[in-house]
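2 protein chains.
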Amino acid sequence: MNKILKGMRVVEGSAFVAVPLAGMTLAQMGAEVIRFDRLEGGLDYGRWPLAPDGQSLFWAGLNKGKKSVAVNMRSREGRELISRIITAPGPDAGMFLTNLRVRGWMDYATLSKKRKDLVMVSLLGDREGRPQVDYTVNPAIGVPHMTGPEGHADPVASALPAWDLIAGNLAVSSLLAAERHRLRHGAGQEVVLTLKDVAAATMAHLGLVGDVHVNDNERAKSGNALYGAYGQDFVCACGGRVMVIGLTQRQWEGLVKATGTGDQMKLLAKRHNVDMSDEGVRWTLRHEITAILAPWFAERRIEDFAGDFNAMGLTWSVFRSTREAVREDPDFSEANPMFSMIEQPGIGRFPVPGHPAAFGSHGRVRPAPAPALGANTEEVLGDVARLSDTEISRLFDDGIVASPDHRKKSAA
Amino acid sequence: MNKILKGMRVVEGSAFVAVPLAGMTLAQMGAEVIRFDRLEGGLDYGRWPLAPDGQSLFWAGLNKGKKSVAVNMRSREGRELISRIITAPGPDAGMFLTNLRVRGWMDYATLSKKRKDLVMVSLLGDREGRPQVDYTVNPAIGVPHMTGPEGHADPVASALPAWDLIAGNLAVSSLLAAERHRLRHGAGQEVVLTLKDVAAATMAHLGLVGDVHVNDNERAKSGNALYGAYGQDFVCACGGRVMVIGLTQRQWEGLVKATGTGDQMKLLAKRHNVDMSDEGVRWTLRHEITAILAPWFAERRIEDFAGDFNAMGLTWSVFRSTREAVREDPDFSEANPMFSMIEQPGIGRFPVPGHPAAFGSHGRVRPAPAPALGANTEEVLGDVARLSDTEISRLFDDGIVASPDHRKKSAA
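Sequence lines, in order, name chains A and B.
Under this note's numbering, the first sequence has 209 at position 209, and the numbering climbs by one with no breaks.
Position in the second sequence counted from 1, then plus 1000, gives you this note's numbering.
Residues of chain A placed beyond 12 Å of chain B at every Cβ, according to the derived structure:
hint, residue
1, 76
2, 237
3, 260
4, 396
Straight-line alpha carbon distances no greater than 20 Å define the calculated EDC-like cross-link-like pairs of lysine to aspartate or glutamate that follow:
hint, chain 1, residue 1, chain 2, residue 2
5, A, 266, A, 253
6, A, 116, A, 80
7, A, 221, B, 1324
8, A, 221, B, 1150
9, B, 1116, B, 1080
10, A, 257, A, 278
11, B, 1266, B, 1278
12, A, 116, A, 190
13, B, 1221, A, 324
14, A, 6, A, 379
15, A, 6, B, 1190
16, A, 257, A, 308
17, B, 1006, A, 190
18, B, 1116, B, 1092
19, B, 1221, A, 150
20, B, 1114, B, 1383
21, A, 113, A, 190
22, A, 113, A, 77
23, A, 114, A, 80
24, B, 1257, B, 1278
25, B, 1257, B, 1303
26, A, 221, B, 1154
27, B, 1221, A, 154
28, B, 1270, B, 1288
Derived by calculation from the structure, the hints in this document are not laboratory data.
From a predicted model like this one, the values you see are computed outputs, not experimental measurements.
Glycine included, C-beta positions come from ideal geometry on N, C-alpha and C.
Start from the sequences and build out the full structure, keeping to the hints where you can.
Next comes the structure, spelled out in structure tokens:
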């Protein structure tokens, strides 16, 4: 195994989606990521979806390739152990990712006394220190108001925790930027992100804050239409639904050509005295464009035009449920080099993805399963915290730390 | 100005959301990001939303703080200039971010002949080389099937291009990881990401691929409910709508206490003979829990309980449209140190965010506006491509390159 961040060590204390994803992304690039948890598992140890035996598929998914240390954080000794692991020496160590809002022993001021060049990336809820999760940030910044069928009265929240996923990825790049700075200047630092700020900044990056200030605009729901140009879903004769895109001029011309609707589109443009090569015009006239295209799709099964659409290089796709996608789309199988069949102990064998990027220098690396809770406790106490075997045994005996083996023993 | 990636130079050739966002994120951490475009602007130069004079708020939002070079890419000389800018010497230069599918002169094999240690991050549509955009990837992986009101027949796509945003952030961390590798080992490389793989991997990370393989489960639409535990939206007496979260035990107990519904929840648990401290039980019983809580919210205005909810540390928020959020929420104003009032030439003055992370070593940096198309052509041709003034003048005269000044001149 030879991965791009090999040699880097990051300690993670986290729950939910964003920070576990950040740690896992680093682990999948080859960093040694040590996750610590309470003896009974963290806040998300039992999060749905679950496997039949009750183990969390969610937890397994977000903790792949990490090392796990289980520590009684209520004890002073347990807290000292964690500090020691976070601040352990090594030029490529001394990095800490967290969204646990633990004041005192786990904050930057305290930890950086033990290791001056510590890099700590903290994800908080909002800048006032209030707790926020994806499900509260998203309603507060307005995406549910612009999502859903045209004219639908109520806000519709997406099932995807997009802000968590974006924040987790920002935590990764922020940590790498801070480590780069440390390498050059020797100085560590705390980097603070909030979920709310990630969402607010992103909305602004997309032009939505300017749109309010400059145009006093309120973006309305527009169903599954692509905003600002042309893109629409259509139901076909087979009952399947496709999404077709006419965003760029090339995509638009391809779509018109493939459906043989050029004359009708010309008439439409003439009637409104507009130039359909202006993408905004396509957006404004989207309902009339859709009315022209809908019969074409309604008369055809997807298999009737799929080959032509692909041969013409159209940008389009078929709507599938996740179950259908996982069952039918080779991109979710080992046909895709990103996926490998992995045995996740206690859950089963299924295709598991590595890091989405293919790094030319290293090639694809087979993903590692998630650890059992505390699987690496003994190893990390020895190799990282540098405790003696005697000290480690005492910590297990005193119930300050646990591992799958030792837990069984003490329960017996 | 003193930012964490100061000194790094990245060249960007891009359109749409993901790669422009990646370049901008690097620019907002202090990197010199040089974006090149066709003389008339790239594919997204006129993307909605637009300012009243037709300038794109979208483009301005995603290109903040970059340098802009306008080049005629149809000419051999223009293409050579771009290669020269991408592969210009310098230990912290020689990095290229792109999603333009240009074969030949712009691919890694060709460019890396001019600079052996080039780091190039390419974002493609899918691994088969087919074009894909957020609007086609999302239907194909199933999120619209699980989004929307319970029982709603049709798929509902979110208005947020989440996959683009995630892919853009992955491009940033992939570039930083590859640069770190180059710093240590001297070797450049190509890093390839596809939008479809980013989506497929992320769905798997969340446990959704395992859920199909292990449980043969199809996640159904559940409206605005938080999946797997308790979280729900409620309409209040004032007509406002709130989202309240009972995900962790602490959040759940707080919600029950704040609404005084403890006795009813106990009866509900007794009736089903379940333990409500199991978050999955709260998910299974969510409709009955909601029926208990709904009257409480229906009888109260948001202002009646907002203070108490905050004092008790509940995790909750108010649904707002983006317009309401931008107008009413101080997090979208200069009260939030992430935002500064910026004059975006040709568009106006409005609050603009910097990078969401606060880096302890550098503090917040005021964001820079987006450049005018070609604003830095002359500077980059001199400082980066190292052309003489005479050569630069000829390129302008021959229409190989342009800048706002020179464009006016030649039009006159």
